[in-house]
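Below are the chains, spelled out letter by letter.
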Amino acid sequence: MLSRIAESLFWIGRYVERAEDTARILDVHIHHLLEAQLESEAELCGVLLSVMGVKIADMAAEELTARRVVEILAFDTTNPSSIVASLVAARVNARGVSEAISSEMWEALNVTYNTLFTESGHGSAFTPYAFFRFVRERGAVVSGLIDSTMSRDDAWRFMVLGRSLERVDMLARLLAAATVGPEPDWVVLLRSVSAHEAFLRTYRREPEGHLAAQFLLLDRLFPRSAFYSLRSAEECLAELDPRSARVGTQDEGRRVLGRLRTTLEFLRVSDLMSDLPELLPELQRECGAASVAIASRYFRQTNVIEWTVERAEFDVVQPIGL
Amino acid sequence: MTASRLQIDHVSCYNYSGVVHSSYNELRLTPLSTMWQQLLDLRVEVSPRAPIFTYIDYWGSQVHAFDIHAPHEALTVIARSLVESSGQRWEERELGWDAFARDDVKDPFAEFLEPTGCVPADERLSEIGSTLSSAASPSDAAAEAIKWVGESLTYRSGTTGVHTSAIEAWDGGSGVCQDFAHLSLALLRSMGIPARYCSGYVYPDGDNRLGERVAGESHAWVEYWVGDWIAMDPTAGRPVDAGHVLVARGRDYSDVVPLKGIFHGGPTSSMDVEVFLTRLS
Amino acid sequence: MGDLLDSYALAHPHGRPAWDEMFASPGTPRPRTRTLCETLQSLSAGELEARAAQRDRMFRDRGITFQLSGEERPFPLDLIPRLIHEDEWQKLERGVVQRVRALEALLADVYGAGRIFDDGVIPRSLVTSSEHFHRAAWGIEPANGVRVHVAGVDVVRGGDGHFYVLEDNLRCPSGVSYVIENRRMMARIFPELFASHRVAAVDSYPAKLLESLRASAPAGISDPTVVVMTPGVYNSAFFEHSFLARQMGVELVEGRDLACHSGRVYMRTSDGEREVHVIYRRVDDDFLDPLQFRSDSLVGCPGLLNVARAGNVTLANAVGNGVADDKLTYTYIPDVIRYYLAEEPLLRNVATYRLEVPDQLEQVLSRLDELVFKPVSGSGGYGIVIGPEASDEQLEVLRRDITTNPRAWIAQELVALSTAPTWVGDRIAARHLDLRPFAVNDGNDIWVLPGGLTRVALPEGGLVVNSSQGGGSKDTWVTVGAARRRIAASSKSTGQSGVARPNGATSDDRPAAGTPVVVPDPGPNWEDPDRLHQQERQQQQQQQQQRTPFGKDRTGC
Numbered sequence: 535m536l537s538r539i540a541e542s543l544f545w546i547g548r549y550v551e552r553a554e555d556t557a558r559i560l561d562v563h564i565h566h567l568l569e570a571q572l573e574s575e576a577e578l579c580g581v582l583l584s585v586m587g588v589k590i591a592d593m594a595a596e597e598l599t600a601r602r603v604v605e606i607l608a609f610d611t612t613n614p615s616s617i618v619a620s621l622v623a624a625r626v627n628a629r630g631v632s633e634a635i636s637s638e639m640w641e642a643l644n645v646t647y648n649t650l651f652t653e654s655g656h657g658s659a660f661t662p663y664a665f666f667r668f669v670r671e672r673g674a675v676v677s678g679l680i681d682s683t684m685s686r687d688d689a690w691r692f693m694v695l696g697r698s699l700e701r702v703d704m705l706a707r708l709l710a711a712a713t714v715g716p717e718p719d720w721v722v723l724l725r726s727v728s729a730h731e732a733f734l735r736t737y738r739r740e741p742e743g744h745l746a747a748q749f750l751l752l753d754r755l756f757p758r759s760a761f762y763s764l765r766s767a768e769e770c771l772a773e774l775d776p777r778s779a780r781v782g783t784q785d786e787g788r789r790v791l792g793r794l795r796t797t798l799e800f801l802r803v804s805d806l807m808s809d810l811p812e813l814l815p816e817l818q819r820e821c822g823a824a825s826v827a828i829a830s831r832y833f834r835q836t837n838v839i840e841w842t843v844e845r846a847e848f849d850v851v852q853p854i855g856l
Numbered sequence: 127m128t129a130s131r132l133q134i135d136h137v138s139c140y141n142y143s144g145v146v147h148s149s150y151n152e153l154r155l156t157p158l159s160t161m162w163q164q165l166l167d168l169r170v171e172v173s174p175r176a177p178i179f180t181y182i183d184y185w186g187s188q189v190h191a192f193d194i195h196a197p198h199e200a201l202t203v204i205a206r207s208l209v210e211s212s213g214q215r216w217e218e219r220e221l222g223w224d225a226f227a228r229d230d231v232k233d234p235f236a237e238f239l240e241p242t243g244c245v246p247a248d249e250r251l252s253e254i255g256s257t258l259s260s261a262a263s264p265s266d267a268a269a270e271a272i273k274w275v276g277e278s279l280t281y282r283s284g285t286t287g288v289h290t291s292a293i294e295a296w297d298g299g300s301g302v303c304q305d306f307a308h309l310s311l312a313l314l315r316s317m318g319i320p321a322r323y324c325s326g327y328v329y330p331d332g333d334n335r336l337g338e339r340v341a342g343e344s345h346a347w348v349e350y351w352v353g354d355w356i357a358m359d360p361t362a363g364r365p366v367d368a369g370h371v372l373v374a375r376g377r378d379y380s381d382v383v384p385l386k387g388i389f390h391g392g393p394t395s396s397m398d399v400e401v402f403l404t405r406l407s
Numbered sequence: 010m011g012d013l014l015d016s017y018a019l020a021h022p023h024g025r026p027a028w029d030e031m032f033a034s035p036g037t038p039r040p041r042t043r044t045l046c047e048t049l050q051s052l053s054a055g056e057l058e059a060r061a062a063q064r065d066r067m068f069r070d071r072g073i074t075f076q077l078s079g080e081e082r083p084f085p086l087d088l089i090p091r092l093i094h095e096d097e098w099q100k101l102e103r104g105v106v107q108r109v110r111a112l113e114a115l116l117a118d119v120y121g122a123g124r125i126f127d128d129g130v131i132p133r134s135l136v137t138s139s140e141h142f143h144r145a146a147w148g149i150e151p152a153n154g155v156r157v158h159v160a161g162v163d164v165v166r167g168g169d170g171h172f173y174v175l176e177d178n179l180r181c182p183s184g185v186s187y188v189i190e191n192r193r194m195m196a197r198i199f200p201e202l203f204a205s206h207r208v209a210a211v212d213s214y215p216a217k218l219l220e221s222l223r224a225s226a227p228a229g230i231s232d233p234t235v236v237v238m239t240p241g242v243y244n245s246a247f248f249e250h251s252f253l254a255r256q257m258g259v260e261l262v263e264g265r266d267l268a269c270h271s272g273r274v275y276m277r278t279s280d281g282e283r284e285v286h287v288i289y290r291r292v293d294d295d296f297l298d299p300l301q302f303r304s305d306s307l308v309g310c311p312g313l314l315n316v317a318r319a320g321n322v323t324l325a326n327a328v329g330n331g332v333a334d335d336k337l338t339y340t341y342i343p344d345v346i347r348y349y350l351a352e353e354p355l356l357r358n359v360a361t362y363r364l365e366v367p368d369q370l371e372q373v374l375s376r377l378d379e380l381v382f383k384p385v386s387g388s389g390g391y392g393i394v395i396g397p398e399a400s401d402e403q404l405e406v407l408r409r410d411i412t413t414n415p416r417a418w419i420a421q422e423l424v425a426l427s428t429a430p431t432w433v434g435d436r437i438a439a440r441h442l443d444l445r446p447f448a449v450n451d452g453n454d455i456w457v458l459p460g461g462l463t464r465v466a467l468p469e470g471g472l473v474v475n476s477s478q479g480g481g482s483k484d485t486w487v488t489v490g491a492a493r494r495r496i497a498a499s500s501k502s503t504g505q506s507g508v509a510r511p512n513g514a515t516s517d518d519r520p521a522a523g524t525p526v527v528v529p530d531p532g533p534n535w536e537d538p539d540r541l542h543q544q545e546r547q548q549q550q551q552q553q554q555q556r557t558p559f560g561k562d563r564t565g566c
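Residue numbers (the working numbering), protein chains in the order written: chain A, 535 to 856; chain B, 127 to 407; chain C, 10 to 566.
If you are wondering where the hints come from, they were derived from the structure by calculation, not from laboratory data.
One or more of the hints may lead you astray.
[Stated by the list, open to error] Here are a few chain A residues that face chain B, going by a calculated C-beta distance under 10 Å:
id	residue
1	Glu-717
2	Ile-839
3	Glu-840
4	Trp-841
5	Thr-842
6	Val-843
7	Arg-845
Glycine included, each C-beta is placed from N, C-alpha and C at the ideal position.
Could you put together the complete structure from these sequences and hints?
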């Protein structure tokens, strides 16, 4: 497959997951914010924006409102990680590689985009709640189509690889935001990643912080857990390059992800809560490192090259002696 | 000079201020074989080494094309050729101006009559052309035109560049051999006389011994058609002789660029071209 | 009757009666369109409106749109097909084949021996002064002799019912994807129309194109790798590039995906480099190879021409074809056909005057307000002056222009473009149209896609079939036999992961306002100003490439 297409597929996976997860995170927190005391609203908003990667240093305190947070994280097309920007980016990438994905997938992304821009006029016609639900639904549609309409070939692997990495990164952000400030409502948090029911069936009790974190990070069976997603990503890499070295691994991406997965796998469960403040940034960092490693291995030279014209001889030639 | 055997060493060095990741180049450095000039031997080497693909272009010039993909910070091209020349000759034929107005005469030379980027049409120049052409036969008027160019431009390097047009050079009053050639072409074409650009080398005047390696230059001159092609060196103000080695012909400089290339990476910090001529007989 | 065709009136542009594709005279359909006419009469405006809405929704969902002032609009397909009976079609087809054969011969000669100049049929200066004559393409011998792998010959039907050639397109003629998509759409929204007609299928085009591309592979390559090369997603014909790649099952590459080294061209894949043998390129000549043409091109691949010269890749269509489809050359095509094929042209040219010929100039100057004037250079037909529609001032300016520079213009007789019933939002009315049949040359045979792209000028009386000026298209049916009740066979420097690390995050560090922020990896190419600038230029270049057939002004005059 063309490197450029592989890269686009990887990023479609990431962007769609990012949009969906951002919607999930906002859904929990907007709820939370509306209930909070007025004076703590600014602080909570600041935390949320920081966790989502928005630089708030030059924002005035009165700008830090729930409404503004939704604008920035959901609708702002100039914020590259907002929901709308992610969906636009996913569609632009899909357009460039539409011959490499199923036409259903392309249509799903295209219809999502059309709904945002053509029909409702920039998504703002939605209430936040309806908008987040719409985004989650579209995410589910795309995910479903990835799994049901694409052959398990390299195209599928790059897409799932992107989706899995993004899922880990966003889960770390979700937890980081939740573990700041007042004790979060763990039921809402679990629901936001569609994990509440699975949690109840596993633990048969109402969630507490450490159990919820344990479930989201370490569970081996729940598909949105960090452990599960890391393992999926690793499997994709293993299948992309099935050659295995006798010692260690040649594949830097696989090495980074494998090590991270083992960290989670052999973590002392009782230490989880105290390790969390280090663990969450590590997850994000290592996912970034894996992404870089994957890019340098599979997506080399996908950029446009600008050419410089070599200087011509007569520019410097010395005069002929006359 | 009436006959000669010359060895030409043309060495171009490009230094880059950063790493160049890839580059694509074309050389037009091979002396032509004509009725009066024989190419006896040619060697082209590039460093970093690269396979070279050769072809003959539309104008009849031999092109060496190569691309380099190993990271490099300098590029050297060495072309060594051995040429035997008996001096360009032509037949003096007297053709009237009426012949130059006929489509069947003009059409085969269409390309050498049309303006180009470096040889644009210019009204003031056309006036000078019509003064010359009304006073003399085509071949005399053409000779006058070459003389006029020699009087209108002063040889001075650094005042013009490779993309300077004939008219810009004329307005500036000075230029190098390329500008002399372009201005000659502009004036000749304005009179309806087909004229083409020639690039090559010229053996320097002076008391050089056989076998002595002397510094030379790339050079440019013109050929115009007045019944036969006549080769004149407007910079020196005299006909082309066996000291001139013809490499390529075209409508203007841009058709015969000796080294044309593009690259991706750090800009060129310096460039050095040396030409040495050795007269062997 | 009280039906939708009741008030259908025939058009008389500039006092000349136009041929109507459906009606011989008001109220009297031509025999072969009677069935279609009857079906339409059975429909109400409401039904047509509903189908139009369905059509727009489906086009939009599938992303079959074009850009109009920054907005994506669904592709403007008219609901009513245009019918051409096979008897008539076969004549047109033969004419197109003949023309393409002659144009191939002309290109081979122009980029070769130049026999036609020596024999005085066309002047050499015609070619050497053309901006599309690429000397860099001289000496490139196509493997199977084909330079025109795909041709689009624009024809119009005059008031006399004859087809006239308006223009040849031998570079990157586009629009064929719309032909196929139009047919698919019509089959979905108007199945009952197909029930009463037998229509020649159009969906074999991609297979024919692939066959022709494979046949043009360099010698000795038995299983060539074929790719489609696009300027990129911002090109207005990108949909078509992607469509063709998908339908042929080949890779769609951009210039940046290709690299030439040591005389061969490769595409960069996630699994290393893979050699490419045939490039169906939809990038304009000027942007194709920055070593030979524009060095500032961001959408090309340096070295391509020399790889083609070395015989290791085939570029389709060949570089430099523009010399044979330019407006001045057009005026010589009937002679070109006679010269190479020793046949009389089957399709007529529109009567055209070369203004550098004094007699013709004089005649033209006395008829400024009757003729159509087209600038010779410059593509897209910008600057066309339609005599009968021009003001006195415009004609004065024109008179000065053509007197001072007669070679820069050609003058043509005005052709009253034919019309066909068209749904215009609330009723059916006559609108002018043209036709672009597509021909594919595999070296042995020239195959013409039955039908082609019909473009229609939607504004009343309009002669410009350009979608940015309200142009649309029609599904074009070549009908077989008599109409009968029978189901028809229709058929980025990966933008640094950008993960800034939370400096010295310790166990009691809690993210709060002002703490280091982990920026989500924005993906390739975000925010780097150089890259953004480069992207802008890249987009511009992608847009500058030949556009959809609707991106060009076209008048049928």
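Do the hints match the structure? See the list:
The restraint placing Glu-717 (chain A) at the interface with chain B is violated, with a minimum CB-CB distance near 55 Å, outside the 10 Å limit. Hint on Ile-839 (chain A) holds. Least Cβ distance to chain B is approximately 5 Å, under the 10 Å limit. With a cut of 10 Å, the hint placing Glu-840 (chain A) at the interface with chain B holds, because the nearest CB-to-CB distance is about 7 Å. For Trp-841 (chain A), the shortest C-beta to C-beta distance to chain B is roughly 4 Å, which falls under 10 Å, so the interface hint holds.
The closest approach between the C-beta of Thr-842 (chain A) and any C-beta of chain B is roughly 6 Å, which is under the 10 Å cut-off, so the hint is satisfied. The restraint placing Val-843 (chain A) at the interface with chain B holds, with a minimum CB-CB distance near 6 Å, inside the 10 Å limit. A distance limit of 10 Å between C-beta atoms decides the matter here; for Arg-845 (chain A) the minimum to chain B is near 5 Å, and the interface restraint holds.
Of the numbered hints stated above, the single one contradicted by the structure is hint 1.
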